[in-house]
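Respectively, the protein sequence lines represent chains A and B.
For reference, each letter of the first sequence is one residue, going 0 to 477 in numbering that gives the first Met the number 0.
For reference, each letter of the second sequence is one residue, going 0 to 93 in numbering that gives the first Met the number 0.
Please keep in mind that the hints were generated in silico from the structure rather than gathered at the bench.
Treat the hints with caution; some may be incorrect.
What the hints assert, rightly or not - A short list of chain B residues far from chain A (calculated; beta carbon distances all over 10 Å):
{"id": "1", "residue": "D19"}
{"id": "2", "residue": "E23"}
{"id": "3", "residue": "D82"}
{"id": "4", "residue": "E83"}
{"id": "5", "residue": "G84"}
Stated by the list, open to error - Distance windows between CB atoms, simulated:
{"id": "6", "chain 1": "B", "residue 1": "G84", "chain 2": "A", "residue 2": "G399", "range": "47 to 55 Å"}
{"id": "7", "chain 1": "B", "residue 1": "R66", "chain 2": "A", "residue 2": "A133", "range": "48 to 56 Å"}
{"id": "8", "chain 1": "A", "residue 1": "D321", "chain 2": "B", "residue 2": "G84", "range": "19 to 27 Å"}
{"id": "9", "chain 1": "A", "residue 1": "A133", "chain 2": "B", "residue 2": "D43", "range": "43 to 51 Å"}
{"id": "10", "chain 1": "B", "residue 1": "V47", "chain 2": "A", "residue 2": "A340", "range": "28 to 36 Å"}
{"id": "11", "chain 1": "B", "residue 1": "S27", "chain 2": "A", "residue 2": "G399", "range": "34 to 42 Å"}
{"id": "12", "chain 1": "A", "residue 1": "R310", "chain 2": "B", "residue 2": "P70", "range": "43 to 51 Å"}
{"id": "13", "chain 1": "B", "residue 1": "P77", "chain 2": "A", "residue 2": "A360", "range": "35 to 43 Å"}
{"id": "14", "chain 1": "B", "residue 1": "S31", "chain 2": "A", "residue 2": "G278", "range": "43 to 51 Å"}
{"id": "15", "chain 1": "A", "residue 1": "G282", "chain 2": "B", "residue 2": "E4", "range": "50 to 58 Å"}
We treat Cβ as the ideally placed atom computed from N, Cα and C, and that holds for glycine.
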Amino acid sequence: MSELRELTAAQALGRIEAGELDSGDYFDAYARAAGGDQLGAYLWCAQPGGAGSGGEPLRGMPVAVKDIFCTEGIETTAGSRILEGYRPPYTATAVTRLSEAGARLLGKTNMDEFAMGSSNENSAYGPVRNPWDAERVPGGSSGGSAAAVAGRLAPWALGTDTGGSIRQPAALCGIVGLKPTYGAISRYGMIAFASSLDQCGPLTRDVTDAALLLRELQGGDEMDSTCVGIEPGVELPSRADLKQLRVGVARDFSHEAEGVERGVADAFARSLDVIRDLGAEVGECELPHAEHGISAYYVLAPAEASSNLARYDGVRYGLREDDPGELVEMYETTRAAGFGAEVKRRIMLGTYALSSGYYEAYYGRAQRVRTRIAEDFAAAFESFDLIATPTSPTVAFELGARTENPLAMYLSDYFTVPMSLAGIPAISIPCGLAEPAGGGPRLPVGLQLTSPAFTETKLLDAAYALEQAIGFDGRPPA
Amino acid sequence: MIEREQVLHVAKLARLRLDDAEVERMASELSSILEHVERISNLDLDGVEPTSHVVELENVMRPDEPRPSLPRERALEPAPDADEGAFRVPSPQA
Chain A
0 MSELRELTAA QALGRIEAGE LDSGDYFDAY ARAAGGDQLG AYLWCAQPGG
50 AGSGGEPLRG MPVAVKDIFC TEGIETTAGS RILEGYRPPY TATAVTRLSE
100 AGARLLGKTN MDEFAMGSSN ENSAYGPVRN PWDAERVPGG SSGGSAAAVA
150 GRLAPWALGT DTGGSIRQPA ALCGIVGLKP TYGAISRYGM IAFASSLDQC
200 GPLTRDVTDA ALLLRELQGG DEMDSTCVGI EPGVELPSRA DLKQLRVGVA
250 RDFSHEAEGV ERGVADAFAR SLDVIRDLGA EVGECELPHA EHGISAYYVL
300 APAEASSNLA RYDGVRYGLR EDDPGELVEM YETTRAAGFG AEVKRRIMLG
350 TYALSSGYYE AYYGRAQRVR TRIAEDFAAA FESFDLIATP TSPTVAFELG
400 ARTENPLAMY LSDYFTVPMS LAGIPAISIP CGLAEPAGGG PRLPVGLQLT
450 SPAFTETKLL DAAYALEQAI GFDGRPPA
Chain B
0 MIEREQVLHV AKLARLRLDD AEVERMASEL SSILEHVERI SNLDLDGVEP
50 TSHVVELENV MRPDEPRPSL PRERALEPAP DADEGAFRVP SPQA
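Turn these sequences into a full structure, and let the hints guide you.
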């Protein structure tokens, strides 16, 4: 049965369509594997058996969903103690769209609390382990989804990305992760972290699967006015070369940037050779403000979070600490007991940045830096079709390595945050293995490609051609 | 540098009760994060428009027609304390 779980989703779907594989058997193989999860990837999973073969086009394909998506009647915690036991009265649009496309919910995956983190160590329900090395993190915040897909506990999964939370864990686990253009997929029922940045997307074994899932997920939604969908839809990738494409690389925002591990830099440089071999022109581009992405992001995202998380007050859902009996004390003690350290830190940071006397110096300036970053990309796309960067400065790090230093953790997102601020699509694909800086067995490295807003079909096509040429073997060591 | 008093003030605004150890840690951690963030204070941003949202959208309207909403009982179901069709909370003056 384990060989079934080596198939990509598209391969399995092909066998189901050809009548060679029973969709119920396929679902059950995953439900059993997820039930025996040793990685901490799942917070809840479906039982084998049960009803439904699922309709067209996804024919009962199992899908794992990050626990940030509301699922009616099924516990949804966003990795937080404050939502322990919460059973939402409705389902997120993204999950509904997949059900309507014939997919079946396989499980809810572990995550950093409220999607705040880059290692999955901020979950109230324990860390997730990297399938390539159990002593290392899978990345975050969609760490459960990434580990489940890489560890053969799910064929594919949904995650969310606010500043890199799909792409960075995909890179660290050796799989594909796509953050679509802001506005491509509905955020309705996706528990809010930073509303102007949050975007749902697929974590998959390969680029074709990412396109297959994105095709069903994208589309406008009257419940989310910022969601406009991708016109005219998403095509499955088929490109064999990169001829006629111009790929930009920014000096301060590439393998030559400070803090990039040697192994990551080498793998990235080799990928640039592959890109050239496929016929693309690789040139130097300018992204002068990208290096300030982290500074702007860690003002804007916490500011939005401090507002979004005001709703957890012990009144309408989730935890309540009743002890002192007076209303404001109830709010304060409930939030103190329900939120973890990182969430408190971000709420404090965001509240400070928005407070009287500091608003313009922090929030106002950060919003202007955001404009500059978006303008940099727009200018670069005048001369280049795609921009390439490493996804993460390092391969997967050891559990506990960055928990005592919040700033070091934040810098994990150095290469992924600017695209989020600009709202443009970006994909991470595995581009090889590299030895970690401290030595040890080789671990996956991610390559990130980004392109203008709503050009997902073009981005996926290029990523596909590159994926075929790189020929990465995505199986973690047994 | 963020002082202890500032941490306590912001915690009050954020409705977060912090213990002494958390206040100390928060003061030093926020200081080091803000030190990094302050790199943007040297950039020339005169005349740059702020971006609050990347999608350029006009107001999205729909016809103002009544339709069913979430039933009251369903909305109250996840509440820690509900009574007589309402959320019950401690008195503000208790």
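**Message:** Does the beta carbon distance between A133(A) and D43(B) stay inside 43 to 51 Å, or does it fall outside?
**Reply:** holds (48 Å)
**Request:** Determine whether the non-interface label on D19(B) survives the test: each CB of chain A must be over 10 Å from its CB.
**Result:** Its Cβ never comes within 10 Å of chain A, the nearest being 13 Å, so this holds.
**Asked** Does E83(B) really sit off the interface, with its C-beta more than 10 Å from all C-beta atoms of chain A?
**Response** Per Cβ check, E83(B) is outside 10 Å of chain A; nearest 15 Å; holds.
**Prompt:** Are V47(B) and A340(A) spaced within 28 to 36 Å by their CB atoms?
**Reply:** holds (35 Å)
**Item:** Distance restraint evaluation - S27(B), G399(A), Cβ atoms, bounds 34 to 42 Å
**Value:** violated (19 Å)
**Request:** Hint says 43 to 51 Å; check whether the CB-CB distance for S31(B) and G278(A) agrees.
**Result:** holds (46 Å)
**Item:** Beta-carbon spacing of R66(B) to A133(A) - inside the hinted bounds 48 to 56 Å or not
**Value:** holds (51 Å)
**Asked** Taking C-beta pairs only, is D82(B) more than 10 Å away from all of chain A?
**Response** Label holds. Min Cβ-Cβ 13 Å, cutoff 10 Å.
**Asked** Does the hinted range 47 to 55 Å hold for G84(B) and G399(A) at CB?
**Response** holds (48 Å)
**Message:** Does the beta carbon distance between R310(A) and P70(B) stay inside 43 to 51 Å, or does it fall outside?
**Reply:** violated (20 Å)
**Request:** Mind verifying the non-interface call on E23(B)? Its CB should be farther than 10 Å from each CB in chain A.
**Result:** holds (13 Å)
**Request:** Kindly confirm whether 35 to 43 Å is satisfied by the beta carbon distance between P77(B) and A360(A).
**Result:** Holds, at about 39 Å.
Checked against the numbered hints given earlier, this structure breaks hints 11, 12; the rest are met.
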